[in-house]
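**Student:** Residue numbers (this note's numbering), protein chains in the order written: chain P, 1 to 354; chain W, 1001 to 1354; chain S, 2001 to 2354; chain A, 3001 to 3354.
Careful: at least some of the hints might be erroneous.
[Unchecked claim] In silico lysine to any residue, SDA-like type, Cα no more than 25 Å apart, as pairs: (1) P:Lys12 - S:Ala2027; (2) S:Lys2012 - P:Leu17; (3) P:Lys49 - S:Asp2033; (4) A:Lys3049 - W:Asp1059; (5) W:Lys1049 - A:Ala3027; (6) W:Lys1049 - A:Met3323.
To be clear, the hints were calculated from the coordinates, so they are not data collected in a lab. All of these numbers come straight from a predicted model, not from anything done at the bench.
Residues per chain are reported as follows:
Protein chains: 4
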Amino acid sequence: MAKPVSYANYLKLGELLSLQAPESAAAGRPAHDEMLFITVHQVYELWFKQILFELDRIDAIFAGSWVDDRNMAVAAHGLARIVEILRLGVRQVDLLETMTPLDFLQFREVEVRLGLRREQRHAFEDQPYERRLAPAEQRHILELEQGASLADLVEAWLARLPFMETAGWRFREAYRAAVAEAVRADIAYAGKSAALSDTQRAAQIKALEDELARFDSLFVSAPEVLAEPAPGWRMGRPAVLAALFINLYRDEPALQVPFRFLSLLMDVDETLTTWRFRHAQMVERMIGRKLGTGGSSGYGYLHSTVERHRVFADLFALATFLMPRAARPDLPEEVRGRMALAYAPAGSGEAAPA
Amino acid sequence: MAKPVSYANYLKLGELLSLQAPESAAAGRPAHDEMLFITVHQVYELWFKQILFELDRIDAIFAGSWVDDRNMAVAAHGLARIVEILRLGVRQVDLLETMTPLDFLQFREVEVRLGLRREQRHAFEDQPYERRLAPAEQRHILELEQGASLADLVEAWLARLPFMETAGWRFREAYRAAVAEAVRADIAYAGKSAALSDTQRAAQIKALEDELARFDSLFVSAPEVLAEPAPGWRMGRPAVLAALFINLYRDEPALQVPFRFLSLLMDVDETLTTWRFRHAQMVERMIGRKLGTGGSSGYGYLHSTVERHRVFADLFALATFLMPRAARPDLPEEVRGRMALAYAPAGSGEAAPA
Amino acid sequence: MAKPVSYANYLKLGELLSLQAPESAAAGRPAHDEMLFITVHQVYELWFKQILFELDRIDAIFAGSWVDDRNMAVAAHGLARIVEILRLGVRQVDLLETMTPLDFLQFREVEVRLGLRREQRHAFEDQPYERRLAPAEQRHILELEQGASLADLVEAWLARLPFMETAGWRFREAYRAAVAEAVRADIAYAGKSAALSDTQRAAQIKALEDELARFDSLFVSAPEVLAEPAPGWRMGRPAVLAALFINLYRDEPALQVPFRFLSLLMDVDETLTTWRFRHAQMVERMIGRKLGTGGSSGYGYLHSTVERHRVFADLFALATFLMPRAARPDLPEEVRGRMALAYAPAGSGEAAPA
Amino acid sequence: MAKPVSYANYLKLGELLSLQAPESAAAGRPAHDEMLFITVHQVYELWFKQILFELDRIDAIFAGSWVDDRNMAVAAHGLARIVEILRLGVRQVDLLETMTPLDFLQFREVEVRLGLRREQRHAFEDQPYERRLAPAEQRHILELEQGASLADLVEAWLARLPFMETAGWRFREAYRAAVAEAVRADIAYAGKSAALSDTQRAAQIKALEDELARFDSLFVSAPEVLAEPAPGWRMGRPAVLAALFINLYRDEPALQVPFRFLSLLMDVDETLTTWRFRHAQMVERMIGRKLGTGGSSGYGYLHSTVERHRVFADLFALATFLMPRAARPDLPEEVRGRMALAYAPAGSGEAAPA
């Protein structure tokens, strides 16, 4: 550096600390709490910018046709940082004591960049959500919607997972068989259980058959079907099965960081959801459920977004498709070997000096 | 003390640390995570017991026909402690990684003791909620429902607030007049505003008239009406108006601690609600939204309770009945004087050496 | 408002979000983590500004020759907000992953405004702490040091507490007598306890006598002594005794909010101390305890400030001067009466309808 | 399961909730806050048991002569859980309002199991720390001290790291050369810098030479030296260098989870340290710094342990031995290849479909 930059200049503190201009003071009736309102929201905006910046790097890692294994921990680290920022944001809600209708453009950006879809949004006053933004902002957000979201990139990455089949073995078929065997055993057991009345027996068998059908809908492999999401899912079947595979065999060296990455995506979704929930709660506390507050910040609107705005709902839905560890299919040696670290190929694994 | 008690004996650590008996180990297939499940839930139960213990003292303070002013800070302190325990409970949800359907009897007790009513509960499987408990527990919880809840005691205390009227002045009437004046000014303004189309004008005037009617429903004073809650409220009008009064004049010495007490009741409700929300979230993450998990811990059930199980919703609803500070009616000197501290009667207030 | 201000204009988002300019990018070697560094520190600065703003209002309340009772809850509320901001600041330390030597001017301001004295500061490199600041900043901080700090204002307010004596009764003497009686009973018990050897007995009696002397140093009332702090204290004896009085009789209506106010001052100190501690920890993690990092941000410097920079140490020290509730002197009716609320004078207290 | 176990029986709630027996009630003078004291400490003890249980599994993973790569994420997960429990424990300190001298046997166990050494402990009253425990507890803790601690197991694992050298390349030498080159360039620059006076120049060159010597002490490889820790370190040089290697090349697939594991060990140490710090703070607030409270819970004792009781100080000390990423030595292809995943050997890395 040619000349040393002072901390104050580096952080541009002069400008930064001149940007808090309460309207109430300008209007001659200073309201003490307005300053807190401004500070809290400026802090939120700085955090949103940081989240978008972290998403940039993660997107870059997942953008191409392959992901360098060396970058997986970097991506996980970036997500962990986003989660930590969002947790701070949730705690910061405690500080809010006044609240007016407002629109966070950058918050919308975060949602779009993660993968929230236009059709998931709660339509408010029958107009598209972006209408509340300024024209330049509308163009910006519409452009973002055209690009690949993190959810899209993650789906593509999952669909490419290189361990799902090998000559003579397919995870899809192995898992289907394991599920079928387990459910049929349960059906057989129900069929002869003395503890059940006939009505109960019929109901239980029916439930198990429905369960089997539910699983089966995941295993379809006809090309025309693979091209679209399974009913009730956002992702296509290949990506869903890969996510299932990563969950089931999370201990294999090649899957440890991918599993952590998927967990962190769920943490992002969960923390954003909690943030929306706490925000709705706080708005209710401050301005009540008054009809007519309208706009995108009224309690009704906010509350309706809490659950609808989930992006990685598929990852949560996987929970009902996981078999207990003991019942999951064993992996062929070759597949396990490919998921090991290079210095210690499978088979020799047990004796590896590590 | 005749003989000194060691820390271990005092805390009964021998017994305490022998009460974690995983079923999976007993069944010969030890599952590591079961221990965490047991620990987390035993810790929850210890906290619930502590909350009930704190409620005992608060109830005792509010139980009679008057509340000693000297006990108000004690009651507030007890509530603050409950809030802090509930916040720990919320954070503890992060630790849960396995989850089975379960029923916290003590959690039900906390709800009933606070004032959750049978009819607010989400009926599950068309049977009363207590049917899932053991017979002795059912009797216990039904008995509790007969007693006065904290919500009942607080309502009675509010309805007795001794500052609401004096010879020649009634808060109810003063506030009604102030509201009417403000709304009528708004109606007049809308009537001649050039910025509004005729349709807009009509709509806005209609909205303001509805607003006035909404307020008016609070001010009815006919004895037969006073006996029951205002429509949409849980508490009766006298208690609602007293809570409004405390909010509006919270700075008067006699109201500072009561205001804090009401705020803490809202914190209790809010933190319990967040706890239920996070619990539902975690259950979804662990066991999905699987149909048929049934029971009182499935995601659907849990999610439905998040909002319905509010106890102090009235206090939140007050937010829409508060006029801006500048527009609230001035208090007669006599009323302000009665709310001052004894050593410094109103009037001399400005010069008091404190 | 003549023309509606958009959220973005109101918060000056354009300017705000243009103030993050990483040096590493300017130098052509962009370092991803520098952005987080900038964001975290800009957020800290916004919070510091908010804390200073809250201190302005609290100072104004305590600035004159008396404090309006109606403002006590406002002051407590302001402190509670500062504590909440500081807690957020502590959590935010978790996000730091890079760290360079730095000086927070505003943090220094907060310290000086609270009451940190020049002589408490850990001298670093044998030069006054402000030398590290720019000249204009030096002048500013030196000026602040000349003004009354919150600690000064609180001391003056405590020293004026109007309940410490009445005709024929002085708290100072009543408490001195109660302490003396309790300690003498302990000495008599030790004198005849069969469980003690002679050496133990002598040691125990000596310890109790020292205890008595320690208390006695608080009770001196000679005018020339009252003018200066008791040895080991920052505040003068009248303020210390008043703080003790508030602690002992915290349930009296007139003392409930003052007690809360004193507790919140301790919370401020405690949270600031935790912030310094976590900051020192994080610096160690990031740049180690390397000799020669020098400046005001090295681990050694930071660690040394953790405890030295306490402002309200006197309030913590009170803990060792509190007698158990049962042993504290009873208050004369007149004193209790003056601390009651006006509507319910003492004596009639038990029957007051509240 | 033969017969279904109810939640209450499973958690042994009857026994659990009968173990809170306040002494004050037994003595006829019930003190409300004693119940909180008991609850808080019983909860701590349950958490300590859980931490010890998690340590059991981690120890088992690291106990043998090699660590199965498949278990690394399990170990990291266990540590993350311990960190989360400790963070809850830190927050729980906020709830404490009374405090008596006490000894957590299980807390001592956690310390010993992690690796806290007898000689690190602050000797209190010139007697070994375990003397304050009951005889059976003393035996137990002394036995634990004989076993291998987590710190020991981790050191052994690090010292075995199989990537530190290959035919014709040694990390120790490569890093030594890189450091020497960097420092010499700095010395040359200082030697001719016009900005320095002769005294400054001499001082700066001296500092750089000291720095080089500091590094060099790590690189000694004489067998008799390798057998013992480097001066100022706890671990031996091979483990220290391996930890350095993991830090520098943390992105290689084989090092991603080990790096996370080391970071989590630092988190454990940091959170335990914060816990001790907050505990000392709270004790001061409750019982002051009174001389003579003695025992292992007085403020003085507690405060002195905050820093001395670090177990993984070596990992923190590494921070001053890390060269910037750009200056670190490049790895030979063979070494990088061994650290890749088996399915994608180095070289082909860039094109791997993942």
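**Student:** Sort out which numbered hints this structure fails and list those numbers smallest first.
**Tutor:** 4, 6
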